[in-house]
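Using the hints provided, position chain G relative to the given structure of chain Y.
Quick mapping for you: the protein sequence lines, in order, are chains Y and G. Per this note's numbering, residue 478 is the first one in the first sequence, and the count goes up by one each step. Per this note's numbering, residue 23 is the first one in the second sequence, and the count goes up by one each step.
Keep in mind the hints are simulated off the structure, nothing from the lab. For each residue, glycine too, the CB sits at the ideal point set by N, CA and C. One or more of the hints may lead you astray.
[Claimed, not checked] The calculated lysine-lysine pairs, modelled on BS3-like cross-linking and capped at a C-alpha distance of 30 Å, are:
1. G:LYS41 with Y:LYS526
2. Y:LYS535 with G:LYS58
3. Y:LYS578 with Y:LYS546
4. Y:LYS535 with G:LYS63
5. G:LYS75 with Y:LYS546
6. Y:LYS526 with G:LYS31
[As the list claims (entries may be wrong)] Over 12 Å on every C-beta distance to chain Y, these chain G residues come out as not near it, computed from the model:
7. GLN28
8. PRO65
9. SER77
10. ASP107
11. GLY128
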Amino acid sequence: AQSVTQLDSQVPVFEEAPVELRCNYSSSVSVYLFWYVQYPNQGLQLLLKYLSGSTLVKGINGFEAEFNKSQTSFHLRKPSVHISDTAEYFCAVSEDFGNEKLTFGTGTRLTIIP
Amino acid sequence: DTEVTQTPKHLVMGMTNKKSLKCEQHMGHRAMYWYKQKAKKPPELMFVYSYEKLSINESVPSRFSPECPNSSLLNLHLHALQPEDSALYLCASSPRTGGDYEQYFGPGTRLTVT
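In isolation and in its complexed conformation, chain Y is listed as follows:
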């Protein structure tokens, strides 16, 4: 069975500073990996996804993530954050044999300090 761990429940960062949100996964087969963002009182929006190919994935709003198979990680990074990045961030995994289930991590609340 697949699982996702987001070790940091809250991450405060000063505006214009870099940030890394950590995500580790567990699966016995190959996986697809996703980062979603949820702004207050809204649904989830896809930031980026890893399906195959290059391990460095670029997404929307200046975010990127690197897939590391040996460390089973998919950490999300942004070199300079903005106030508007304040939101909840969810890492999610789906096993690549056509599994319809998306398993979410517990989420990381990113708070940008002016």
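Quick look at chain G alone, frame taken from chain Y:
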């Protein structure tokens, strides 16, 4: 049209009421999902419809009844709910073709059971 729509945005219902949530997408996606999200928690999968057939039921109580009348529409019928069923209900859809397993989420229906 690249979005998933959900109606209503907010719903307040008593424990003896019957109501329905509606979800619609016109992206030609063949999988549709219902999730329940409690405050400060990740979404929890409830049901998956694949090619208009129920493929996954995550042991959801029978007071929640899903329906997929056609490939664009997904309903969730609610009856005799409990206060602990108050949550944000999210709908999502996915192409399920061409190796694309990304899920596109709607804005959600905020349900309060009194």
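Quick rundown of the hints versus the structure:
Between LYS41 of chain G and LYS526 of chain Y, the direct Cα distance comes to roughly 35 Å. Violation of the 30 Å bound is thereby established for this hinted pair. For the given pair, LYS535 of chain Y sits about 29 Å from LYS58 of chain G by alpha-carbon distance, which is consistent with the 30 Å threshold. Taken as a hint, the LYS578 of chain Y and LYS546 of chain Y pair is honoured in the structure, with Cα atoms around 20 Å apart against an allowance of 30 Å. Between LYS535 of chain Y and LYS63 of chain G the alpha-carbon distance is near 26 Å, which keeps this suggested pair within the 30 Å criterion.
Note on LYS75 of chain G and LYS546 of chain Y: the hinted pairing is violated, with a Cα-Cα distance of about 34 Å set against a maximum of 30 Å. Taking the CA atoms of LYS526 of chain Y and LYS31 of chain G, the gap is about 28 Å. The hint holds against a cut of 30 Å. A beta-carbon of chain Y comes within 12 Å of the beta-carbon of GLN28 of chain G; the shortest separation is about 8 Å. Not every beta carbon of chain Y lies more than 12 Å from that of PRO65 of chain G, the smallest distance being close to 6 Å; the non-interface claim is violated.
A Cβ of chain Y approaches the Cβ of SER77 of chain G within 12 Å, the least distance being about 6 Å, so the stated non-interface status is violated. Residue placement check: ASP107 of chain G keeps its beta carbon more than 12 Å from all beta carbons of chain Y (closest about 19 Å). At roughly 5 Å, the least C-beta separation between GLY128 of chain G and chain Y is not larger than 12 Å, which violates its mark as non-interface.
Hint violations for this structure: numbers 1, 5, 7, 8, 9 and 11, all remaining hints satisfied.
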